[in-house]
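Enquirer: Here is how the chains run, residue by residue.
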Amino acid sequence: MPLVYCGACSHGPGITARADRADPAKRDALYTALRRMGDDIRATRPDALVVVAAEHFANFFMNNMPAFAIGMADFYEGPIEDEAFLKIRRTRVPGNKALSRRLIEQVMQTVDVAYAEEWKFDHGISVPLHFLTPGYDLPIIPANINCQGPPLAPLARAWAFGEALRAAADAVPERIALVATGGISHWPATPDSGKINEAWDREFLARWAANDRAALLSYSDAEIYRDGGQGGFEIRTFIAAAAAARGAKGTIEFCEPMPIFAVSCTVARMAVAA
Amino acid sequence: MSLYYVQKLIYELNRDPRTRARYAAERDAVLAEYELTAEERAALVAPDIGLLYVLGVNGQLLMHFAALHRIEWPDYLERMREGLRKHGPVREGVYAATGYEGVP
Ligand SMILES: [Fe+2]
Numbered sequence: 008m009p010l011v012y013c014g015a016c017s018h019g020p021g022i023t024a025r026a027d028r029a030d031p032a033k034r035d036a037l038y039t040a041l042r043r044m045g046d047d048i049r050a051t052r053p054d055a056l057v058v059v060a061a062e063h064f065a066n067f068f069m070n071n072m073p074a075f076a077i078g079m080a081d082f083y084e085g086p087i088e089d090e091a092f093l094k095i096r097r098t099r100v101p102g103n104k105a106l107s108r109r110l111i112e113q114v115m116q117t118v119d120v121a122y123a124e125e126w127k128f129d130h131g132i133s134v135p136l137h138f139l140t141p142g143y144d145l146p147i148i149p150a151n152i153n154c155q156g157p158p159l160a161p162l163a164r165a166w167a168f169g170e171a172l173r174a175a176a177d178a179v180p181e182r183i184a185l186v187a188t189g190g191i192s193h194w195p196a197t198p199d200s201g202k203i204n205e206a207w208d209r210e211f212l213a214r215w216a217a218n219d220r221a222a223l224l225s226y227s228d229a230e231i232y233r234d235g236g237q238g239g240f241e242i243r244t245f246i247a248a249a250a251a252a253r254g255a256k257g258t259i260e261f262c263e264p265m266p267i268f269a270v271s272c273t274v275a276r277m278a279v280a281a
Numbered sequence: 004m005s006l007y008y009v010q011k012l013i014y015e016l017n018r019d020p021r022t023r024a025r026y027a028a029e030r031d032a033v034l035a036e037y038e039l040t041a042e043e044r045a046a047l048v049a050p051d052i053g054l055l056y057v058l059g060v061n062g063q064l065l066m067h068f069a070a071l072h073r074i075e076w077p078d079y080l081e082r083m084r085e086g087l088r089k090h091g092p093v094r095e096g097v098y099a100a101t102g103y104e105g106v107p
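Sequence order for the protein chains is V and E.
With the first sequence counted from 1, adding 7 to any position gets you our numbering.
With the second sequence counted from 1, adding 3 to any position gets you our numbering.
Because the hints were derived from the structure by calculation, they are not lab data.
One should not assume that every hint holds.
[Unchecked claim] A partial selection of chain E residues facing chain V, derived with a Cβ cut-off under 7 Å: (1) Tyr-14; (2) Leu-64; (3) Leu-80; (4) Met-83; (5) Arg-84; (6) Val-97; (7) Tyr-103.
These figures come from a predicted structure and were not determined experimentally.
All residues carry an ideal CB built from backbone N, CA and C; glycine is no exception.
Please take these sequences and the hints and turn them into a complete structure.
Expert: Structure follows, in structure tokens:
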């Protein structure tokens with residue numbers, strides 16, 4: 008089936024961990040937008056949700072770092088973070104090994120993706136799922152783009168990964184939804200945590216909503232690091248989602264810079280025909 | 004300079020309860036399994052979060068290492084700032100500071 012849903016959202020751990028330190032009105036508006044995204048995903052009656060994430064050393068380390076990886080298991084577990092810190096209960100999340108395998112075989116036609124039969128979710132997946140599928144009743148297919156340990160795959164390869172995921176989703180009979188998660192500009196876990204380059208974020212999101220491939224791929228990593236911080240490398244996930252939307256345009260449903268959550272909290276959707 | 008092994012030890016402490024248990028029971032033996040300079044070893048043992056930050060440890064690893072030592076988030080941020088004052092700018096990696104004052 009053609010991809011039934013394609014979107015992107017933030018995943019900063021502060022969104023849940025530091026909830027009580029945020030402006031309640033802004034926080035609740037973000038939560039509402041994220042929950043609405045979950046409703047929108049469910050409305051497309053998906054059989055599985057591919058989450059294109061950028062993990063933070065939950066599973067992958069510099070001893071053997073895949074540029075791209077996809078989970079291939081019947082269940083996953085997360086979050087790995089301390090439950091009291093993240094304020095999300097650790098749980099087992101359903102997957103679909105057979106479906107993963109068929110998707111991976113398709114993706115491999117164009118992108119040399121690593122597969123993983125074990126996968127622990129960190130906040131990069133657990134925070135979005137906490138709002139999108141709070142009942143953990145939809146099978147999840149985790150995918151990862153290395154955005155932490157340089158050398159990182161070039162943006163054009165993140166695009167190619169998104170295209171490959173789209174071709175794979177279209178090739179299987181199941182109804183596949185896809186959500187990318189990541190920050191735009193941020194300086195996480197550094198003394199600069201809380202700094203946000205709002206203008207840069209809004210420009211990036213404008214390019215994303217226009218699904219302007221050339222503009223999205225025009226950033227160098229040096230520019231991203233300078234203007235968007237080390238957290239900005241996670242735009243690779245948004246770029247993969249734009250590619251997966253295959254020319255469809257996007258809507259920024261929510262975007263609010265929230266320093267206590269360390270990012271411009273974002274919920275966005277591409278108008279793929281469901 | 005063996006930042007890779009500093010980060011590897013922290014990664015394994017963060018992710019593996021058995022490594023944590025061994026580190027508590029026989030720290031020197033665990034440390035001996037990693038290629039570390041005297042400075043790195045001392046920074047890990049103290050722990051000197053500020054120096055580890057300046058050495059280039061990725062914040063996504065370092066914040067969990069700090070939490071393991073019961074260092075609260077505001078204190079973690081302050082220790083990194085103190086490290087910059089004491090040891091100068093970050094020497095390696097992509098987790099350098101930019102001089103931002105931070106969130107109150
Ligand atoms: Fe992240």
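Enquirer: With reference to the structure, classify each hint as holding or not holding.
Expert: Against the structure, the hints come out as follows:
1. Tyr-14: 5 Å, holds
2. Leu-64: Holds: closest Cβ of chain V sits about 6 Å from Leu-64 (chain E), inside 7 Å.
3. Leu-80: Cβ of Leu-80 (chain E) sits 6 Å from chain V, so the hint holds.
4. Met-83: 5 Å, holds
5. Arg-84: Holds, about 5 Å.
6. Val-97: With a minimum Cβ separation of about 5 Å from chain V (threshold 7 Å), the hint on Val-97 (chain E) holds.
7. Tyr-103: It holds, given that the least Cβ distance between Tyr-103 (chain E) and chain V is near 4 Å, below 7 Å.
The structure fails none of the hints (numbered hints given earlier).
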